[in-house]
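The residues making up each chain are set out below.
There are 2 protein chains.
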Amino acid sequence: MAVCTAYNVKSLNSSYSVSTPAKSHLGFHQNQVFFYSSGSKKTNYRRSGSSVITCADSGTIVIGLAADSGCGKSTFMRRLTSVFGGAAEPPRGGNPDSNTLISDTTTVICLDDYHSLDRTGRKEKGVTALDPKANDFDLMYEQVKAIKEGIAVQKPIYNHVSGLLDPPELIKPPKILVIEGLHPMYDERVRDLLDFSIYLDISNEVKFAWKIQRDMAERGHSLESIKASIEARKPDFDAYIDPQKQYADAVIEVLPTQLIPDDNEGKVLRVKLIMKEGVEFFSPVYLFDEGSTISWIPCGRKLTCSYPGIKFAYGPDSYFGNEVSVLEMDGQFDRLDELIYVESHLSNISTKFYGEVTQQMLKHSDFPGSNNGTGLFQTIVGLKIRDLYEQLTATKAGAPLQATKA
Amino acid sequence: MAVCTAYNVKSLNSSYSVSTPAKSHLGFHQNQVFFYSSGSKKTNYRRSGSSVITCADSGTIVIGLAADSGCGKSTFMRRLTSVFGGAAEPPRGGNPDSNTLISDTTTVICLDDYHSLDRTGRKEKGVTALDPKANDFDLMYEQVKAIKEGIAVQKPIYNHVSGLLDPPELIKPPKILVIEGLHPMYDERVRDLLDFSIYLDISNEVKFAWKIQRDMAERGHSLESIKASIEARKPDFDAYIDPQKQYADAVIEVLPTQLIPDDNEGKVLRVKLIMKEGVEFFSPVYLFDEGSTISWIPCGRKLTCSYPGIKFAYGPDSYFGNEVSVLEMDGQFDRLDELIYVESHLSNISTKFYGEVTQQMLKHSDFPGSNNGTGLFQTIVGLKIRDLYEQLTATKAGAPLQATKA
Numbered sequence: 016m017a018v019c020t021a022y023n024v025k026s027l028n029s030s031y032s033v034s035t036p037a038k039s040h041l042g043f044h045q046n047q048v049f050f051y052s053s054g055s056k057k058t059n060y061r062r063s064g065s066s067v068i069t070c071a072d073s074g075t076i077v078i079g080l081a082a083d084s085g086c087g088k089s090t091f092m093r094r095l096t097s098v099f100g101g102a103a104e105p106p107r108g109g110n111p112d113s114n115t116l117i118s119d120t121t122t123v124i125c126l127d128d129y130h131s132l133d134r135t136g137r138k139e140k141g142v143t144a145l146d147p148k149a150n151d152f153d154l155m156y157e158q159v160k161a162i163k164e165g166i167a168v169q170k171p172i173y174n175h176v177s178g179l180l181d182p183p184e185l186i187k188p189p190k191i192l193v194i195e196g197l198h199p200m201y202d203e204r205v206r207d208l209l210d211f212s213i214y215l216d217i218s219n220e221v222k223f224a225w226k227i228q229r230d231m232a233e234r235g236h237s238l239e240s241i242k243a244s245i246e247a248r249k250p251d252f253d254a255y256i257d258p259q260k261q262y263a264d265a266v267i268e269v270l271p272t273q274l275i276p277d278d279n280e281g282k283v284l285r286v287k288l289i290m291k292e293g294v295e296f297f298s299p300v301y302l303f304d305e306g307s308t309i310s311w312i313p314c315g316r317k318l319t320c321s322y323p324g325i326k327f328a329y330g331p332d333s334y335f336g337n338e339v340s341v342l343e344m345d346g347q348f349d350r351l352d353e354l355i356y357v358e359s360h361l362s363n364i365s366t367k368f369y370g371e372v373t374q375q376m377l378k379h380s381d382f383p384g385s386n387n388g389t390g391l392f393q394t395i396v397g398l399k400i401r402d403l404y405e406q407l408t409a410t411k412a413g414a415p416l417q418a419t420k421a
Numbered sequence: 016m017a018v019c020t021a022y023n024v025k026s027l028n029s030s031y032s033v034s035t036p037a038k039s040h041l042g043f044h045q046n047q048v049f050f051y052s053s054g055s056k057k058t059n060y061r062r063s064g065s066s067v068i069t070c071a072d073s074g075t076i077v078i079g080l081a082a083d084s085g086c087g088k089s090t091f092m093r094r095l096t097s098v099f100g101g102a103a104e105p106p107r108g109g110n111p112d113s114n115t116l117i118s119d120t121t122t123v124i125c126l127d128d129y130h131s132l133d134r135t136g137r138k139e140k141g142v143t144a145l146d147p148k149a150n151d152f153d154l155m156y157e158q159v160k161a162i163k164e165g166i167a168v169q170k171p172i173y174n175h176v177s178g179l180l181d182p183p184e185l186i187k188p189p190k191i192l193v194i195e196g197l198h199p200m201y202d203e204r205v206r207d208l209l210d211f212s213i214y215l216d217i218s219n220e221v222k223f224a225w226k227i228q229r230d231m232a233e234r235g236h237s238l239e240s241i242k243a244s245i246e247a248r249k250p251d252f253d254a255y256i257d258p259q260k261q262y263a264d265a266v267i268e269v270l271p272t273q274l275i276p277d278d279n280e281g282k283v284l285r286v287k288l289i290m291k292e293g294v295e296f297f298s299p300v301y302l303f304d305e306g307s308t309i310s311w312i313p314c315g316r317k318l319t320c321s322y323p324g325i326k327f328a329y330g331p332d333s334y335f336g337n338e339v340s341v342l343e344m345d346g347q348f349d350r351l352d353e354l355i356y357v358e359s360h361l362s363n364i365s366t367k368f369y370g371e372v373t374q375q376m377l378k379h380s381d382f383p384g385s386n387n388g389t390g391l392f393q394t395i396v397g398l399k400i401r402d403l404y405e406q407l408t409a410t411k412a413g414a415p416l417q418a419t420k421a
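Here the protein sequences come in this chain order: A and B.
Mapping of the first sequence onto the numbering used here: residues 16 to 421, in sequence order.
Mapping of the second sequence onto the numbering used here: residues 16 to 421, in sequence order.
Don't read these hints as lab results, they were simulated from the structure.
Treat the hints with care, since some could be wrong.
The list makes no distinction among identical chains, and a pair is therefore deemed to hold if it is satisfied within one copy or across any two copies.
Stated by the list, open to error - In silico EDC-like cross-links for lysine to aspartate or glutamate, where the CA-CA straight-line distance does not exceed 20 Å:
no., residue 1, residue 2
1, LYS317, GLU338
2, LYS326, GLU305
3, LYS317, GLU305
4, LYS317, GLU292
5, LYS260, GLU220
6, LYS260, GLU295
7, LYS282, ASP349
8, LYS317, ASP332
9, LYS226, ASP83
10, LYS163, GLU295
Work the whole structure out from these sequences, hints included.
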C-alpha cells in the first residue's frame with residue numbers, strides 16, 4: 016500500500032541473518048524490500064542510515080490480537096474485516112496451508128508463523144508452542160516493523176497440518192495489519208509497534224465448556240483427555256500468554272453467566288469489554304452516563320426478553336493498575352428488537368449510521384457468539400478500530416511529510 | 016376562587032345536622048355556602064336539586080397527603096406551596112391554633128380538624144386519634160366535596176394545644192386544596208374526590224430513630240417511653256393508616272441506608288418514590304431508560320462524593336397489585352454539584368427550566384431532608400402536582416362549561 020519515493024536498503028544495517036535469493040526468502044520486487052530471518056538466533060536490529068523511507072501515504076496501522084488457540088480469534092478477524100467492508104480470504108495462488116487472511120484493507124497474519132521450532136523441534140526440546148523459546152521474536156519484530164514502514168516482507172508459514180515450517184509468503188503492507196496469535200504483546204519491541212491491542216480472555220470455566228463441546232462432542236475425545244490437555248497447557252499459558260492482558264487496550268473477558276444459578280453449560284455467557292482510558296484515538300464505549308457506575312436490565316416495559324434475560328453493567332474500574340472503563344453483558348439476544356434496543360442505548364460505539372452494530376451482527380448471524388456479548392463486543396471493537404484507523408490516517412495526512420528518522 | 020353564577024342552597028338537601036347561625040357554624044356570606052356538621056353522627060349526604068353550581072373557572076384540585084404524625088407532612092407542604100411560588104401561612108386574623116396553611120394557590124387543611132372526639136372524648140371511649148371512630152368522615156367528605164365544587168365551608172378546628180374542638184374557620188375554595196393527615200384515603204367517598212394522593216411511608220426503623228432524636232434528645236423523654244408510645248400506636252396505625260398506601264398515586268418510602276452496613280442512626284436514608292402507572296396527568300419520573308431496570312452510582316469520574324456516596328435505582332415493579340415505577344435514592348448530597356448532576360440525569364421531572372429542582376432544594380436548604388431523597392422526592396412530587404394541576408385546568412378550560420349535575 017505504501018508508495019515510497021526513496022529508500023536505502025543498505026541503511027537497513029542489521030545483524031540478523033539475511034537469506035539469499037536462491038532460498039527465495041529475500042528478494043527485490045519493484046519498490047519493495049523483502050527480508051527474512053530463517054533462524055531463531057537472537058539478534059539486535061539497528062538502523063544506521065539517516066533517511067530511509069519517505070512514503071506518500073499514511074503507513075500501516077498495526078493491531079495486535081492475543082488469545083489462546085481455539086478462542087475465537089478467527090471469528091473476531093472476520094467481524095473486523097467485515098466492518099471495513101471486505102471479506103477476508105487466504106492469499107491467492109499461494110500455499111493452501113497459509114494462515115494469512117487478506118481483505119481490501121486488512122491483512123491478518125498468524126503469529127504461529129514465527130514459530131522457530133516446528134512440531135518435532137518442540138517435542139525434542141520439550142517446549143510447547145506457548146513457550147517464547149519456540150518463537151522468533153526478533154524476526155516478528157523486524158517484519159512487523161518493516162510492514163509498518165511500508166516495506167513488504169517474506170514471512171514464514173507454520174503449517175498447522177504438517178507441523179513444519181513451510182517456505183515463506185509475500186506480505187505487502189496493507190492499510191491495517193493485524194497480528195493475531197499467542198504472543199502479540201509478549202515482546203516489548205513488537206508491543207511498541209502496536210497502534211491498538213486486544214486480548215481475548217476466556218475464563219477457565221468457559222474454555223473447558225467449549226473444549227468439551229468441540230473436542231468431545233465433535234471430535235470424540237474423552238473428558239479425561241480434554242482435562243489433561245488443558246492442565247498440560249496451563250503452566251505455560253499462565254507464564255507467557257495470560258500476562259499480556261495487562262498491556263491490552265481492550266480486553267474481552269468471557270465468563271459464565273450469573274443469570275442462571277450454578278450454570279456450567281457455558282452456553283449463556285457474561286462478557287466484559289475492558290477498555291483502557293487515555294489511549295489516543297480510542298474513546299471507550301459507555302452506557303447512559305460516562306464515568307459513573309450503572310447496571311441496566313433492558314428487559315422491562317418496552318422490551319420483553321425470554322429467560323434468563325439480559326443484563327448490562329458499566330463503570331470505571333482499575334485493571335492491572337490502569338484506569339479502565341468496563342462494559343458488561345450477561346445473557347443473550349433472542350430477537351432482533353433486543354439487539355437494536357441495546358445498541359440504541361450505548362454511546363461512543365463509533366457507528367457511521369443508526370443500527371450499524373445490529374446490521375453487522377445480523378450479517379454474520381451464523382458466526383459463533385452472534386447472539387451474545389462476544390459477538391457484540393467484537394463488532395464494537397471492530398468499529399472502534401475503524402474509527403481509530405480513520406483518526407490516525409487523518410492525523411497523519413494532516414501532518415507534513417517527513418523523512419523517517421532512525 | 017370559584018365564581019359561581021347560580022346555586023340553590025335548598026337543593027343541598029341532606030340529612031346531616033346543620034348548625035344554626037347562632038353556633039356560628041353555618042352562614043351565608045356573599046355568594047358562598049357554608050355548612051358544618053358538628054356531631055359525629057353518621058349521615059347520608061344526598062343532593063336532590065338538579066342544577067346547583069355553575070362555575071366560571073376550573074374548580075379546585077384536591078390532593079391527599081397521608082402520613083403518621085411527625086413524619087414530615089408540614090415540610091412536604093412547605094415544599095409543595097413553594098413550587099407554586101408562594102409562602103404558606105396560617106389564616107390571617109383567625110384562631111392562632113388553626114392548623115390551616117394558606118398560600119396564593121394552595122390551602123392545606125389538616126384532617127385532625129375532623130376529629131369527632133376531642134382528647135377527653137377519646138380517653139373516655141378508649142380510642143386513639145388513629146381510630147376512624149374518633150373522626151367524622153361524613154363531614155370530611157361533605158366539606159371536601161363542597162370545596163371541590165367551589166363552595167366555601169366552615170371547617171372545624173381541632174386545637175392540638177388544648178385537645179378541644181374550637182369554633183370553625185372559613186375555608187374558601189382555593190386552586191389547590193391539600194388535605195393532609197392520618198386518613199385522607201381511608202373513606203372511599205373522600206378518596207374518590209382526590210385528584211392525586213400521596214402517602215409518606217416511614218419505616219419503623221427510621222421512625223424510631225427520628226423519635227429518639229426528637230423526643231429523647233430534644234424533649235427529654237426516656238427510651239422506654241418512646242418505645243412504649245410507638246408500640247401503643249402500632250395496632251391502630253397498622254389497621255387504619257398503613258393500608259391507605261395501596262390507594263396512593265405516589266408513595267415516598269423512607270428506609271435505613273444500605274450504603275453503611277448495619278447503620279441504625281437513621282441519618283443517612285434510602286428513599287423510594289413509588290409512582291403508580293396509568294394515572295391521568297401524572298407521568299412517572301425515570302432514570303435513563305423508561306421502563307427498564309437501572310442502578311446508578313453517579314459518583315465516579317465526573318462527580319466525586321464523600322462516604323458513603325450516593326446510589327440510585329429505578330425500575331418497574333408491582334405495589335399492592337398495581338403497576339408502578341420506583342425511583343430510589345440512597346445516600347445524601349454533600350455539595351451543590353452532586354444535586355445538579357443528579358437532577359440533570361432524571362427525566363420527566365416536570366421542571367420549567369434546567370435546575371429547578373436544585374433551585375427549590377437550595378431555597379429550602381434549612382428544611383429537614385434537603386440533602387437526601389426525602390427532600391428531593393418531595394420537591395419532585397411538588398413539581399409533578401404543579402404539572403398535573405396545569406394539565407387538569409387546561410383540560411377543563413378547553414371543555415365547554417357545564418352545569419354540575421347531581
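Here is what the structure says about each hint:
In the homo-oligomer, the alpha carbons of LYS317 and GLU338 lie at most 20 Å apart only across protomers (14 Å), although the nearest pairing inside one protomer, at 34 Å, exceeds that limit. For the identical chains of this complex, LYS326 and GLU305 are neighbours both inside a copy (18 Å) and across copies (16 Å), given an alpha-carbon limit of 20 Å. For the homomeric pair LYS317 and GLU305, the shortest alpha-carbon distance between copies (8 Å) is at most 20 Å, but the shortest distance inside one copy (23 Å) is not. Proximity of LYS317 and GLU292 under a CA criterion of 20 Å is satisfied inter-copy only: 14 Å between copies versus 33 Å inside one chain copy.
In the homo-oligomer, the alpha carbons of LYS260 and GLU220 lie at most 20 Å apart inside one protomer (18 Å), although the nearest pairing across protomers, at 48 Å, exceeds that limit. In this homomeric assembly, LYS260 and GLU295 come within 20 Å of each other (Cα to Cα) only inside a single copy, at 18 Å, whereas the closest approach across copies is 54 Å. Only within a single protomer do LYS282 and ASP349 lie at most 20 Å apart by alpha-carbon distance; the minimum there is 13 Å, versus 45 Å between protomers. Only between protomers do LYS317 and ASP332 lie at most 20 Å apart by alpha-carbon distance; the minimum there is 14 Å, versus 30 Å within a single protomer.
With identical chains, the CA atoms of LYS226 and ASP83 are at most 20 Å apart within one copy only, with a shortest distance of 12 Å there and 62 Å across copies. For the homomeric pair LYS163 and GLU295, the shortest alpha-carbon distance inside one copy (18 Å) is at most 20 Å, but the shortest distance between copies (65 Å) is not.
Checked against the numbered hints given earlier, the structure satisfies every one of them.
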